[in-house]
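Please put together the full structure from these sequences, using the hints given.
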Amino acid sequence: MRSALFGFGARETTLLAACIVAFAVFALASPYFATTDNLLTILRNSNELLFLSLGMTLLLAMADVDVSVGVTMGLAAIAVGQALQGGWPPLLAGLLGPIAGAALGLVTASVVVLGRIPAIVGTLGLFGVYRAAIFLALGGSWLSGIPDGLTRVLGARPLGVPVAIIVVLIAYGCVWVLLRRTPFGPHLLAIGGSEERARLSGVAVKRTRFATFVVNGILCGVAASFYVATYRNVATTIGGALALEAIAATALGGTSITGGRCSLLGTAIGVVLLRLLQNGLLLMGVPSLWQSVVTGGLLLGVLAFEVLSERVALARLNIWARAAS
Amino acid sequence: MLKMARSILAGGAVLALATASASAQDAHNSVAFVPQIVGIPYFNAMQEGGNKAGAALGVKFIYSGPTDTNPVDQLQIVQNLINQGVGAVAVSVLDASSLAPVVQAAKAKGVKLFTSDSDAPKSGRAVYVAQATDEGLGYTIVDELVKRVGDDAKIGIVSGEATASNLNAWIGFMQQRAKEKYPKLKLLAPQFAGGTAERAAQIASDMMTANPDLKAVIAVASTTCPGVGQAIETAGKVGKVIGTGYCSPNTARSYIKSGSFGFSVLWDPSALGYLTVWAGKQLIDGKPFAASNTVPGMDHPVSYDDKTGVLLLGEPAVFTKDNVDKFNF
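Order-wise, the sequence lines are chains W and S. Here the working numbering = 1-based position in the first sequence + 104. Here the working numbering = 1-based position in the second sequence + 1.
I should point out that these hints are in silico values taken from the structure, not numbers from a laboratory. Cβ coordinates follow ideal geometry from the N, Cα and C atoms, glycine included. Certain hints may be false.
Claimed, not checked - No farther apart than 16 angstroms at their CA atoms in a straight line, the calculated lysine to aspartate or glutamate pairs in the EDC-like style are these: (1) S:258 - W:252; (2) W:310 - W:300; (3) S:187 - S:152; (4) S:123 - S:307; (5) S:238 - W:141.
As the list claims (entries may be wrong) - These stretches of chain S come out as covered by chain W in the derived footprint (C-beta under 8 angstroms, 3 or more residues): (6) 29-40; (7) 140-146; (8) 291-305.
Dropping the structure here:
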């Protein structure tokens, strides 16, 4: 069982190399790619996905999943947007995001953990419910032209560093401490390895899973506040594709989708690589349809590479075993 | 006792039969409309117009559509409506290539299948209720832009789904207009954002980065309008880059007022919904369309082109700072 968390493993190195190669290619192909403005644009576009993927990393490591993260973010974004339109102070409205996210996380946790419904089925159901709730809450009309109070707070750059980056670092740091310095981490990975064995060895499986879904909800809520600050608009289609992107970025980052293994650094690099490719391919003038082919192909390539290298490793083991006998 | 029970049962059965046939009659005298996606202001306005027409023309109006711009989900909804035996079904087509077999299935069941808002010309549909000609829409947006940014500007295009036939047709006419009338105008290849505002914003900001001399961005799908408007504001390019698109006044209002949008081009979708239900009623009653039709409840005659099978609502409207507040959809 490997749990690289923040350490540099093989996958992180591969991904970072992929980032550097992509960066070099794009920088050569387009004079506008390697500019501060464009790199900040890539980071801003990665922002929501960084939070959603952090939650997804915890869930996948536990062999759980949540396909409703995009719409969970959407519902929390409605709360934040309506608060801003209702004249709330920006900071308070911004805090409403994670609070609403926590409440939604409680609902999801109750359905999946207390209701004993498999996570993929339960959250797929909730995806439909939350999507419908978004339609009802918006009444078919979009929130647009939301006041820019929150934009000024979250778009600020104390000491030249965007608030978004600071909050991302804090979130990843907190989760790292949770995983590395508290029993939560080993418990989470043990559940991901085998829920039954974890239970037999005294892990509070229900409590750990419940807490993780709530943490995931809070992260969706943080993403919601940044979403509203960035786009100042909430449409009924909000978050439609984000859950799949979060799963893709997390899997790309080396977290096993069958549980028991996770990498926070891998997830972060996975998200940035995904957005870097989308940005660079557009700058090079590649048609949109091919952009999704490239990102899909990358995911398949990395996963296939992993399966192959595991086979090679196993074959080597067999050789050693034969030599020994 | 047994006799009484039996007669009650028989009476119940007769009653059930009667209501069943009444509801079959109801179903036949109803017009359904399947939008590309539910819950957006544009299709809500069409629904509103459809409801009004239903009440005015004495026909039941059914509104049902997918929650995502997914062609497969949309066809399933159409199929369900056909199976229910409604009189006529109108579809705002997401994928023109897959409608033909459904038209066949509808014919077999005696259901009139036609298109509205987005067409599938080769599918064998009964009629296409058009909001404005694709040509009119494509030309108008290019003409209006040239007035504001000159005839040698570089212009980006952000669309929604790559399979949406109406969006692709408009883009085709934009390109045609540019080629024929403004040879120096440079239209970039369209980028497709799917249905979300966030992706549209990302694409629009990347476009502005890749083309520092970009003068305008056209948001082709209504779902891409807020993304494009917001991207221009966030990039601090209000006044340098003009956003525009086929967006409802409510969606474009804040961007038109902030200056990130110069104008928006569209038509009145509630009138389109009204006309759609009227057309459905004509089809159910077996009445043919004339070259010029007087529609009860509409203030101008509606033209019909027999060759292409297109029923035309009228000329597109341009919404600017000066008139945007007069509309609410």
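Tested hints:
Proposed proximity of residue 258 of chain S and residue 252 of chain W is supported: the alpha carbons are some 15 angstroms apart, at most 16 angstroms. The straight-line distance between the Cα atoms of residue 310 of chain W and residue 300 of chain W is roughly 12 angstroms, inside the 16 angstroms bound, and the hint therefore holds. As the CA atoms of residue 187 of chain S and residue 152 of chain S are separated by approximately 9 angstroms, the hinted pair is consistent with the 16 angstroms bound. Only pairs whose Cα atoms come within 16 angstroms are accepted, and residue 123 of chain S paired with residue 307 of chain S is accepted, the gap being roughly 15 angstroms.
The straight-line distance between the Cα atoms of residue 238 of chain S and residue 141 of chain W is roughly 13 angstroms, inside the 16 angstroms bound, and the hint therefore holds. Against chain W, the stretch 29-40 of chain S contributes 3 residues with a C-beta closer than 8 angstroms to a partner C-beta. That satisfies the three-residue criterion, and the hint holds. For the stretch 140-146 of chain S, the stated coverage by chain W is violated: 0 residues have a C-beta nearer than 8 angstroms to a C-beta of that chain, whereas at least 3 were required. Counting residues of the stretch 291-305 of chain S whose beta-carbon sits less than 8 angstroms from any beta-carbon of chain W gives 0, not enough to reach three: the coverage restraint is violated.
Consistency note: the structure conflicts with the earlier hints numbered 7, 8.
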